[in-house]
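Asks: This is what each chain is made of:
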Amino acid sequence: DTAVSQTPKYLVTQMGNDKSIKCEQNLGHDTMYWYKQDSKKFLKIMFSYNNKELIINETVPNRFSPKSPDKAHLNLHINSLELGDSAVYFCASRLAGGQNEQFFGPGTRLTVL
Amino acid sequence: AQKITQTQPGMFVQEKEAVTLDCTYDTSDPSYGLFWYKQPSSGEMIFLIYQGSYDQQNATEGRYSLNFQKARKSANLVISASQLGDSAMYFCAMRSFRGSARQLTFGSGTQLTVLP
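Just so you know, the protein sequences line up as chains W and H, in that order.
Under the numbering used here, the first residue of the first sequence carries the number 1, and numbering increases by one thereafter.
Under the numbering used here, the first residue of the second sequence carries the number 1, and numbering increases by one thereafter.
Same shape as in the complex, but just chain H (with noise of 0.2 Å):
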């Protein structure tokens, strides 16, 4: 079975700022892969950043990069530069790559805020 920690249920951040979204992840798969959504307030899933467990690198996509340290099974997000529109709820999510379905299972989610 797949879980997802995340052990933050609420974060602020000053404007330009950095900030880092905990994420661990239990899984006994040896092939997986690693998501970030970001859900703001209109209610919609958008996809952040994919992080697979082969990955050699650290995936970056402009202001979020994802530090993946895989002995420790996290796979934390980080946000450079935070802007208001960042404002949002965060979901890590993991799928692996055994069977068809290779569903996504969420973790509860870190309700970010950006303070002017």
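So that you can see chain W by itself, here it is in the shape it has in the complex (with noise of 0.2 Å):
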């Protein structure tokens, strides 16, 4: 009964890869978010996206790429991993209203050598 989930939880991988992270939500919520955490715990949005639709897009390298095939669901897939790319993704969502928060999924720890 997972409300927000997201696979994997850790990755590890070589630079100039490309590797995808998932992202389900089970709580019929209609906004998506990427939220990227750096090394000081800095957490910093990068896509939002509302009904399938992108809302918006950080300045975030194109190499990231978030695909929403459905609702509950916001993939990223990042093309030629860099070292800099090495951080924690979380994934989150909400229902529309002002005061509806923002639940998180568990974060992908990812890690490019």
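Calculated from the structure, these hints are not laboratory results.
There may be inaccurate statements among the hints.
[Claimed, not checked] Partial pick of chain W residues on the chain H-facing surface, computed with a CB cut under 8 Å:
{"#": "1", "residue": "Phe42"}
{"#": "2", "residue": "Ile56"}
{"#": "3", "residue": "Val88"}
{"#": "4", "residue": "Gln102"}
{"#": "5", "residue": "Pro106"}
Glycine included, each C-beta is placed from N, C-alpha and C at the ideal position.
Build the complex: two chains, separate frames, hints provided.
Replies: Below you can see the structure in the form of structure tokens.
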């Protein structure tokens, strides 16, 4: 009965590889997000999708491509991984409404060697 | 643009005592929400408490309360009767109610350590 799930939890890969992180929510939410948490624990928005449509694309390299096949899923594909991509990536979702909190997934720790 | 400032990188508190974690924010939007999240060493993000900009009363949730001072643009988190399990990173965040995305903007966090 996990609310927001991410796979994998840990991802270790070589520079230059392409990898994907999957996210699924079973809460019936209509908005999903990807956040990046760097080594100093700073959290920053990367993408936001509302009803499968891209709403926000912050200054993220175009090597990062989100894909939302349906409202319950928001996957993150990363091409040509670089050392600086090492971070924890969090998926989150919420229901429309100002005070509704975001529910976060458990995070995916990506390490690029 | 929105900005959240948490000026305490680390805080220590004795078990069973109360502690206040500071948060100030900056926004030009008239309508917004303020959130606090807890991130224990296991890494997950746990929602604690919410305060709307138009709420007349300070929010409370169990041992958590929010000291909201709108004119000063501050939203400090107060944890009463600290427990060892409260040791974690605490993030203040805000969301404007303008626009459809309504993503959270986070502060840099405060690492709280509860001492036995």
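Asks: Work down the list of hints and note, for each, if the structure agrees.
Replies: Hints versus structure:
1. Phe42: holds, 6 Å
2. Ile56: Cβ of W/Ile56 sits 5 Å from chain H, so the hint holds.
3. Val88: Cβ of W/Val88 sits 7 Å from chain H, so the hint holds.
4. Gln102: holds, 6 Å
5. Pro106: Holds - the Cβ of W/Pro106 comes within 8 Å of chain H, reaching about 5 Å at its closest.
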